[in-house]
Structures are given as C-alpha cells and as structure tokens.
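Colleague: What follows is the residue order along each chain.
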Amino acid sequence: AQKITQTQPGMFVQEKEAVTLDCTYDTSDQSYGLFWYKQPSSGEMIFLIYQGSYDEQNATEGRYSLNFQKARKSANLVISASQLGDSAMYFCAGRWEAAGNKLTFGGGTRVLVKP
Amino acid sequence: EPEVTQTPSHQVTQMGQEVILRCVPISNHLYFYWYRQILGQKVEFLVSFYNNEISEKSEIFDDQFSVERPDGSNFTLKIRSTKLEDSAMYFCASKSEYEQFFGPGTRLTVL
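Read top to bottom, the protein sequences are chains A and B. Taken in order, the first sequence gives residues 1 to 115; the numbers are from the working numbering. Taken in order, the second sequence gives residues 1 to 111; the numbers are from the working numbering.
It should be emphasised that the hints constitute simulated quantities derived from the structure, not laboratory data. Bear in mind the structure is a predicted one, so any value in this text is a computation, not a measurement. Misleading hints may appear alongside valid ones.
Within a straight-line C-alpha distance of at most 25 Å, the following computed DMTMM-like cross-link-like pairs (lysine to aspartate or glutamate) qualify [said to hold, decoys possible]:
{"#": "1", "chain 1": "A", "residue 1": "K3", "chain 2": "B", "residue 2": "E99"}
{"#": "2", "chain 1": "B", "residue 1": "K42", "chain 2": "A", "residue 2": "E56"}
{"#": "3", "chain 1": "B", "residue 1": "K78", "chain 2": "B", "residue 2": "E56"}
{"#": "4", "chain 1": "A", "residue 1": "K114", "chain 2": "A", "residue 2": "E17"}
{"#": "5", "chain 1": "B", "residue 1": "K42", "chain 2": "A", "residue 2": "D86"}
{"#": "6", "chain 1": "B", "residue 1": "K95", "chain 2": "A", "residue 2": "D55"}
{"#": "7", "chain 1": "A", "residue 1": "K3", "chain 2": "B", "residue 2": "E44"}
{"#": "8", "chain 1": "B", "residue 1": "K95", "chain 2": "B", "residue 2": "D71"}
{"#": "9", "chain 1": "B", "residue 1": "K42", "chain 2": "A", "residue 2": "D26"}
{"#": "10", "chain 1": "B", "residue 1": "K95", "chain 2": "A", "residue 2": "E97"}
{"#": "11", "chain 1": "B", "residue 1": "K42", "chain 2": "A", "residue 2": "D22"}
{"#": "12", "chain 1": "B", "residue 1": "K95", "chain 2": "B", "residue 2": "E1"}
{"#": "13", "chain 1": "B", "residue 1": "K57", "chain 2": "A", "residue 2": "D26"}
{"#": "14", "chain 1": "B", "residue 1": "K57", "chain 2": "B", "residue 2": "E97"}
{"#": "15", "chain 1": "A", "residue 1": "K3", "chain 2": "B", "residue 2": "D86"}
{"#": "16", "chain 1": "B", "residue 1": "K95", "chain 2": "B", "residue 2": "E68"}
{"#": "17", "chain 1": "B", "residue 1": "K78", "chain 2": "B", "residue 2": "E44"}
{"#": "18", "chain 1": "B", "residue 1": "K95", "chain 2": "A", "residue 2": "E56"}
{"#": "19", "chain 1": "B", "residue 1": "K95", "chain 2": "A", "residue 2": "E61"}
Build out the structure end to end from the sequences listed, making use of the hints.
Modeller: Written out as structure tokens, the structure is:
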C-alpha cells in the first residue's frame with residue numbers, strides 16, 4: 001500500500017532562515033503526484049506546491065520549493081526566508097494513479113518560526 | 001480567486017443525531033472529496049465523488065455516512081447517527097487537473 005512518512009514531528013527555525021521538511025513515500029507506481037499543504041492554527045488546509053512523478057524539474061512556488069529525489073522516494077519541502085506567518089503544521093500528501101484520486105497524508109511536521 | 005466553501009464552520013450535536021455538512025466546490029471542478037482529521041491526527045480520506053456517484057470510499061465511510069450532490073453546486077456529507085468518535089474536522093475538497101483544493105473545514109463535536 002502507498003504510504004507517506006514525515007519523520008520530523010516538530011521543528012524550530014529562525015526567522016529569515018531556510019527550513020527543510022522531510023517527506024518520503026513508498027509506492028511501486030510509476031505515475032503519482034506529491035503535494036504539500038500548510039495547516040495554520042485556524043485549521044484550514046492551504047495547498048502549497050505540487051510535483052508530478054514525471055516532472056523533470058523540481059517544483060517551485062515563490063518561497064516554496066520541492067526537492068524531488070525520485071530514486072530515494074523523497075519529496076522534501078524547502079521554505080526559504082522563513083516568516084513568522086510560516087508557523088503552522090505542514091502535511092505531505094501523495095496521489096497514486098493506481099489507487100484512484102484520493103490523497104494519502106503523512107503525519108505532519110509542526111514548524112515554529114522564532115523571531 | 002475561486003475557493004471551496006463549507007458550512008457550518010462548527011457543528012455541535014448530540015450522540016445519535018443526524019448531521020449534514022455542506023460544501024460548495026469550485027464551480028468548474030468535477031471531482032469532489034470528503035476527508036476528516038481527528039484532533040491531533042493526520043488527515044484521512046473518506047470518499048470521492050465523480051459524475052454523480054461515489055468513485056471510491058475508505059473503510060471509515062460505512063453505512064452511517066452518505067454523500068449527495070443535490071443540485072449543481074452543493075455537495076453534502078450526511079452522518080446518520082453520530083457517535084462520539086465522529087468528532088473531527090471534516091474537509092471538503094475539489095479537484096482541477098492535479099491539485100485538490102480544500103475548504104476551510106467543519107469542526108464537528110459530538111457530545
């Protein structure tokens with residue numbers, strides 16, 4: 001079965017510094033997509049970035065970039081120049097073509113940005 | 001920018017009561033989903049809906065749950081007889097080509 005693992009339950013980062021959030025996945029599928037979502041304390045799920053398994057370039061969206069290493073089955077999120085508003089829970093999720101369109105989520109990483 | 005909306009934002013109910021959670025997906029999306037997140041836990045898939053029928057459901061989505069698209073805009077999740085363990089945040093999502101966009105969630109509290 002497909003699985004997403006986030007090994008960092010929580011981390012601190014200094015404001016203006018970069019932070020990397022780890023995500024590994026387990027699948028035998030060739031076609032899949034990887035997502036990152038941000039969940040602030042208010043509870044909503046905010047889509048951040050998407051990487052397709054066939055994409056040759058690493059995805060970037062503003063201060064977010066995804067370090068996609070297919071052979072290692074990892075899809076780490078890099079947040080550059082952290083801001084206080086980045087303090088939130090971050091979830092990695094995967095969608096596997098063989099498993100339909102549903103998202104499978106990891107356990108999340110809580111990020112706290114220190115001033 | 002179009003967004004998924006959900007009502008109510010918070011629902012408190014007594015055990016055994018029926019609840020209906022409502023969602024308005026993004027208008028040109030064709031795939032709709034319900035997920036739930038028990039407090040402090042990961043987000044779990046409940047059901048996906050396409051072309052006016054359920055395309056996939058999880059083990060959580062038992063006979064107590066049902067979904068409907070009663071008109072061209074609303075997408076509802078009904079829990080027939082709520083249990084204490086149904087207390088959670090329920091998210092509706094709709095999909096464009098790749099991304100699933102989530103609504104703000106409905107926090108359901110079962111007393």
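Colleague: Return the numbers of the hints above that this structure violates; sort them in rising order.
Modeller: 2
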